[in-house]
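Participant: Those protein sequences? They're chains Z and C, same order as listed. For what it's worth, my numbering labels the leading residue of the first sequence as 8, then goes sequentially. For what it's worth, my numbering labels the leading residue of the second sequence as 8, then goes sequentially.
Don't read these hints as lab results, they were simulated from the structure. Be aware that a few hints might be false.
Copies of the same chain are indistinguishable here, so a pair counts whether it falls within one copy or spans any two.
[To be verified] Using 16 Å as the maximum straight-line C-alpha spacing, the simulated EDC-like pairs for lysine to aspartate or glutamate come out as follows:
id : residue 1 : residue 2
1  : Lys350    : Glu29
2  : Lys812    : Glu398
3  : Lys237    : Asp99
4  : Lys782    : Glu457
5  : Lys201    : Glu114
6  : Lys177    : Asp189
7  : Lys237    : Glu743
8  : Lys177    : Glu187
9  : Lys816    : Glu187
10 : Lys648    : Asp485
11 : Lys648    : Glu457
For clarity, every value in this text was computed on a predicted model and none was experimentally measured.
Residues per chain are reported as follows:
2 protein chains.
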Amino acid sequence: MTETRDGSQSPWVIDFADGSREMRDLLGGKGANVAEMTRVLGAERVPAGFTITTDACVAYMDGDGSFPDGLEDQVASALGRLEAQAGKRLGDAAEPLLVSVRSGARESMPGMLDTVLNLGLNDETVLGLAERSGNERFAWDSYRRFVQMFGNVVLGVAGERFEQAIASIKSARAVSLDTELDADALRELTGEFKTFYEFPAEPREQLARAIGAVFDSWQGERAVAYRRIKRIPEGWGTAVNVQQMVFGNLGESSGSGVAFSRDEVTGAPQPSGDFLANAQGEDVVSGVRTPKDISELRAWRPEVHEQLMDILQTLERHYGDMQDTEFTVQDGRLYMLQTRSAKRPAQAAVRFAVDAVGEGLLDREAALMTIDPSSLDALLHPTFDPSADYEVVATGVAASPGAAKGEIALSAAEAVRAAAEGRETILVRSFTEADDVAGFYAAQGILTSEGGKASHAALVARGMGRPAVTGASAVQVDAGAGEIRIDGRVLHAGDRIAIDGSLGRITLEDVPLIEPQVSEHFHTVLDWCDELRSLGVRANADTPADVIKAIELGAEGVGLCRTEHMFLGDRQPLMAAVIMAEDRAARAEAIEQLRPLQEADFEQILQAAGGRPVTVRLLDPPLHEFLPHPNDLPEGSPQRKRVEQLQESNPMLGTRGVRLGILFPELYEMQVRALFAASARIPGARIEVMVPLVAYERELALMRTLIERVAAEQDHGDYLIGTMIEIPRACFQADEIARDADFFSFGTNDLTQTGLGFSRDDIEGRVLARYIDVKILDRSPFETLDTPGVGQMMRMGAWLGRKTKPDLKIGVCGEHGGDPDSIDFLHHSGIDYVSCSPYRVPIARVAAAQAAIRARRPGSETGSGS
Amino acid sequence: MTETRDGSQSPWVIDFADGSREMRDLLGGKGANVAEMTRVLGAERVPAGFTITTDACVAYMDGDGSFPDGLEDQVASALGRLEAQAGKRLGDAAEPLLVSVRSGARESMPGMLDTVLNLGLNDETVLGLAERSGNERFAWDSYRRFVQMFGNVVLGVAGERFEQAIASIKSARAVSLDTELDADALRELTGEFKTFYEFPAEPREQLARAIGAVFDSWQGERAVAYRRIKRIPEGWGTAVNVQQMVFGNLGESSGSGVAFSRDEVTGAPQPSGDFLANAQGEDVVSGVRTPKDISELRAWRPEVHEQLMDILQTLERHYGDMQDTEFTVQDGRLYMLQTRSAKRPAQAAVRFAVDAVGEGLLDREAALMTIDPSSLDALLHPTFDPSADYEVVATGVAASPGAAKGEIALSAAEAVRAAAEGRETILVRSFTEADDVAGFYAAQGILTSEGGKASHAALVARGMGRPAVTGASAVQVDAGAGEIRIDGRVLHAGDRIAIDGSLGRITLEDVPLIEPQVSEHFHTVLDWCDELRSLGVRANADTPADVIKAIELGAEGVGLCRTEHMFLGDRQPLMAAVIMAEDRAARAEAIEQLRPLQEADFEQILQAAGGRPVTVRLLDPPLHEFLPHPNDLPEGSPQRKRVEQLQESNPMLGTRGVRLGILFPELYEMQVRALFAASARIPGARIEVMVPLVAYERELALMRTLIERVAAEQDHGDYLIGTMIEIPRACFQADEIARDADFFSFGTNDLTQTGLGFSRDDIEGRVLARYIDVKILDRSPFETLDTPGVGQMMRMGAWLGRKTKPDLKIGVCGEHGGDPDSIDFLHHSGIDYVSCSPYRVPIARVAAAQAAIRARRPGSETGSGS
């Protein structure tokens, strides 16, 4: 028992009527919620009950499994008050009070004892319930379920024993569905269940044992494991909620339903929902009977309809968010069982936020917090028309959102050729590699039979905003034969196919696509975000088209312009010649051929950026990406030998980034020269030269010298030089590295790979799945930043960098720059801007605004509705 | 000028007679050394002179390149004292004083102006020198050299101009050697040189300009770059030493020589050395004339011999180390020009240390500090007999010390077969892979045509103590044809070959080998080390033979017993079956077949360890190491498909270590079960189970649960569970990880790879060579720990780990555990023990003792003699 300030002790048991949502720590989430609803709607609207506090649980655990002093008495008197209010008594043969017992920790926790329903039933009270409900089968079914549930969850009797008994009796009675068992059969079954364990007939004993079981479940194996991974303190304990049961199936003046305070699909300001007369809540959602629209309540019971509409408005105003409720009508009286923020699709979320501000329900900041930014993706890509009928021939991983249709192209070259002829294609491969990238640009969408959300195909597709379905294992790709097989069907290159990368679906039909519309509401929301956020948002964009798209979606500049792609496609042979050159002269010649091409690339990009800053990353690929495959070269040829020599066993940790620039300074020099030349032709161009993969301060110093020399030769004075921080050592030596850097940009993809020792290509899939399974991870560290490891490295790097240079500009590029959870962390880590793929720019703008709001309003939670 | 404590100012110029070695900061290394020698031997034994202090240089730089007030006067008066002492005057036509001018910073620094000799010569004084020396050619050659050196180093005239002029005159006079130019030619040449720049004839001006040039060289480009990489502060400045020239070639009563205070090869306590009458120092070392043994000095000039013997003993006692000196006799008078600690081979170093203590010259600690631990390697391996004559057919990298002879084996299988038949082999491969490891055990030595000091072949060979020469690019291996080609010769499998891995040499002759002897002196030294060191020394040992060798060499236990090798060779198919198993049952069956084999492995190792702790690392290889190569399997077969699926693009960052244990817990369970079973049969066995590659705390928690369960089942209570820390994230989360760890062992090889983003296999060779070239690195980070990055990660990891568990035991395994420089850092980083390959155990024992001594006696430097 907790000492209160005046020295008295707080009670172990608190009635719903006396609690509130502020008492979450003491009452748990569920208890606080039902108390709050009782407080707001009045005691008559919420089935009465009481909560046994988390403190009681803690005292129970400390006392080694016995109820703390006073708990039994307090439960007894709370029960007395409940009985008085309900006008029924627990164990009363004629008018029995039945209660539910539910656990409820501060945070919802799977693995804990969840619910015991219909507590209070025994051989006597079941008769009263049958009598009172006029439905003997219902009464015996309730009793049967209670005995089963009590035995299973409170006493740990194996679930299969009950299931086997049910199977036997169904077979004996020659029926196939549980619902076909009549009252008599259920009575027999209940009797048999009671032989499985010593069933306590006395309702008060039932209650005490159920409470103890909830307490014990806090220490259960699964709950302990869950707390460990979620870092939920052992010492919190769980509360126990005891609540009067109400029934919607007591006749034609009873019923159950679900109701939303606004349209749950569009967000339009009209309540929506379903209900069924003479039914329990599960009947409404099970689909066995077709429920009626909530508006028909008016005809059925006008006063209930009116009460419900009032309540929805009250709850919405009270919680400041669109509500999703459950209700039961028992004998004409409306009870609210549950209210919570409504899950909603992106368009509804956006509409609600704008309307809520218009209606004065919320201020802008609070309204923005109701949006789940990661849902917004759906607003930016075409999708299969949800109302269309089509056959799904295979499914895969929803790897990059959007839908696309086209002819099957089995190679990048085929896709490029088709694009040149104006034909639309879907690039279909087992998996993709750097060689395929030209095909990504040419194709409308990507389909692979292998790889997950973080496969090469998925990453590149998301980066470019191309729809992609990956890991569609039913699709067998035989590029050699020019065909693919799906489930017995054979398709050839050129056949039409369609994919939806938001749903992970593949079809052969010509499904209509719904084009995305950035609605007026969405624009309003994004404008508010720009006013509120402090974190800058740039885009990762490698082509003029990407840059234009990014700016359209609100990017303030280009945070990462990769130059690798500029050396692929038809330029690859030139680049291969650079790398394989035997001497300086041959290398210089090959490089010189690349310069004008590179210059044109940069000119177009700077033109598209229109005076916004553009961070150009000097070349950073593993060497072999530019080289032909050794098997494609004649055996024993010098070329093959050289290519074989250049093969690396771990390309990710090999000759990349600045290492390439140190080995072949001519290459970086050519890039820098082309960049300065291009920028001289674009008035107002703002360029930031970025050196990748720096681990040693002197690597950057040498490159800075090179860049400054070229700049001086071209008389170019207005530019920044910076580096990517993507190697753990760089974080530890950031103070030294900052001496030669005007800016840092954290390359969180590679920092995650090196900091965690995880190769993205190799770990995604089997290892990641297993890690999530055994709860080492809850999602991929390539999706959301690993804050305890990689995040701390970044903070160290930012801090050390600014120790040397207080005004050092610090950005983040990489997948995490578009991930809302990561953005929140970055907001608090001294980062100036994030840079993400163009289609994630709006998401980043919202997430950045929310991070700023959350920092000002501690305790705000985002998008609680989804 | 520096303010001294009493408010007066310290002088800019200090005579040699007034300095000492304690004044190194002010006088620079060279100035302090010659002053010390003057102090110890008396002014008459060391050519006189004075030092212009580093303070003067700093003032010169601050004053923007003009001499600070008072410097000119102080130089003039120092010069006056020097002239008085020498009895000659600078610029005197009859008896000219000549001086040398040398730079001398606190630490020796390449890239700075080094030396100007014979300053003071001009058209007049050269005649005096000719007269005085009776050697006109010598005088003009000295003058010619001075004009050339002054123009080149003081005034920056290009060296080629002088070289061209010399070439022209040689051609005009039809001679081919410089030495064939007579006095007349040299006179002409000197005249021509003087047209290249305005030669200052006035000696005092020569001196002032030479001093200024030394000051300026402190700011020279190469010096600045060097300081940057060595982190030498700009503000130190350099000193300038002006010293009287003496000449050993003034006639038969003059001469030059070098002398060691003890035998420089054996360390025996008799002085050794060479001398030449009527010669300059360079004649003694150039080999043009054959020098006489120092003992013959006695016959030539008995008093000089006696003086020199006295001086050698005096210097040795004074410096407390074996000395290497240079001397000149001018007109019968002995001058000491230089003394420094003598470089010496390992046997001499060890003998000196023991003798020095016996003679009361040094205490044990000081004696140990004279040994360079990395030289000791030579004492532990056989070598080619240095006196043997043999043809070296190719050379390569001295990758693993020791010499070996045997038949050429072109595959591991061939080596294994030969070993079974009692034949000795050298395994010759282009490069080696995990598959070859069985061959390493079977062969006497390894030879590869590719790879450097950190290649797979080199690492594994060093780990096992097998001699290896790698990267012998002249050796062309054609395993298919069963032959190798060296420089036109064709050799076949079975032909005899011999390698010396300490020298990097390959020969076809039957060179006699010298077997290593761990001398009594060496044992004495190692015993002292064990008393003095606090860092424990264990060995990395995977076989009973390794364990026995390690213990023989003083290991206190096994710090790393890798289990990968136990699954290669004939067990590989079983292991491949485990990985490729389609279901649990098939996997379990394959694993069960491995268990008894594994148990026998462990039993033998624990037996060999004899009650010393053995750290067994659970399996940690990239998956593919156990799998057949896909090309070796039938095209389209399910096996091939599965193997292809399991291929990883970056195996180093893939499914390794604990990730394997999480995916296939049955495998780790089998290993642990076998280990406990084996340990139950060896009384007193001490086992430490080590989980590799942990990044997340829960990885270890899950494995700990598994290990404890198996231990409990087998009723085994006495063991430790720990983890390798080899991923940067683990260093950041070490406090969490320590909850489930009884010990940490830093895997510095992998921590270097991940922390630096460097794949050892891929970066060694071309990239590393280039990085050393451009001074980003001075050696491989896989050889000596990267302390600013990896070292700081380790300190963070150790600190956080001990925050959770103050008595956490922390070790280091990996190459760095046997590297003296790294050991010194580890001694200061809270590490309890290092573990290294058996043959490096003695080196680690010495290095650990030295680290402890250095910590107690700040300022001690190790093995200054080498």
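Participant: Taking the hints in turn, state whether each one holds.
Facilitator: Going down the list of hints, with the structure as the test:
1. When the C-alpha separation of Lys350 and Glu29 is checked against a cutoff of 16 Å, the pair qualifies neither within a copy, at 23 Å, nor between copies, at 78 Å.
2. Taking CA atoms no more than 16 Å apart as the test, Lys812 paired with Glu398 passes in neither setting, with 60 Å inside one copy and 60 Å between copies.
3. For the identical chains of this complex, Lys237 and Asp99 are neighbours neither inside a copy (44 Å) nor across copies (90 Å), given an alpha-carbon limit of 16 Å.
4. For the identical chains of this complex, Lys782 and Glu457 are neighbours neither inside a copy (24 Å) nor across copies (44 Å), given an alpha-carbon limit of 16 Å.
5. When the C-alpha separation of Lys201 and Glu114 is checked against a cutoff of 16 Å, the pair qualifies neither within a copy, at 34 Å, nor between copies, at 91 Å.
6. When the C-alpha separation of Lys177 and Asp189 is checked against a cutoff of 16 Å, the pair qualifies only within one copy, where the shortest distance is 10 Å, while the shortest distance between copies is 124 Å.
7. Within a single copy, Lys237 and Glu743 get their C-alpha atoms only as close as 37 Å, which misses the 16 Å cut-off; across copies the closest is 14 Å, which meets it.
8. In this homomeric assembly, Lys177 and Glu187 come within 16 Å of each other (Cα to Cα) only inside a single copy, at 8 Å, whereas the closest approach across copies is 120 Å.
9. For the homomeric pair Lys816 and Glu187, neither the shortest alpha-carbon distance inside one copy (71 Å) nor that between copies (67 Å) is at most 16 Å.
10. In this assembly of identical chains, the alpha carbons of Lys648 and Asp485 lie at most 16 Å apart only when taken from different copies (14 Å versus 29 Å within one copy).
11. Taking the shortest alpha-carbon separations for Lys648 and Glu457, only the inter-copy value of 13 Å comes in at or below 16 Å, while the best intra-copy value is 31 Å.
Hint violations for this structure: numbers 1, 2, 3, 4, 5, 9, all remaining hints satisfied.
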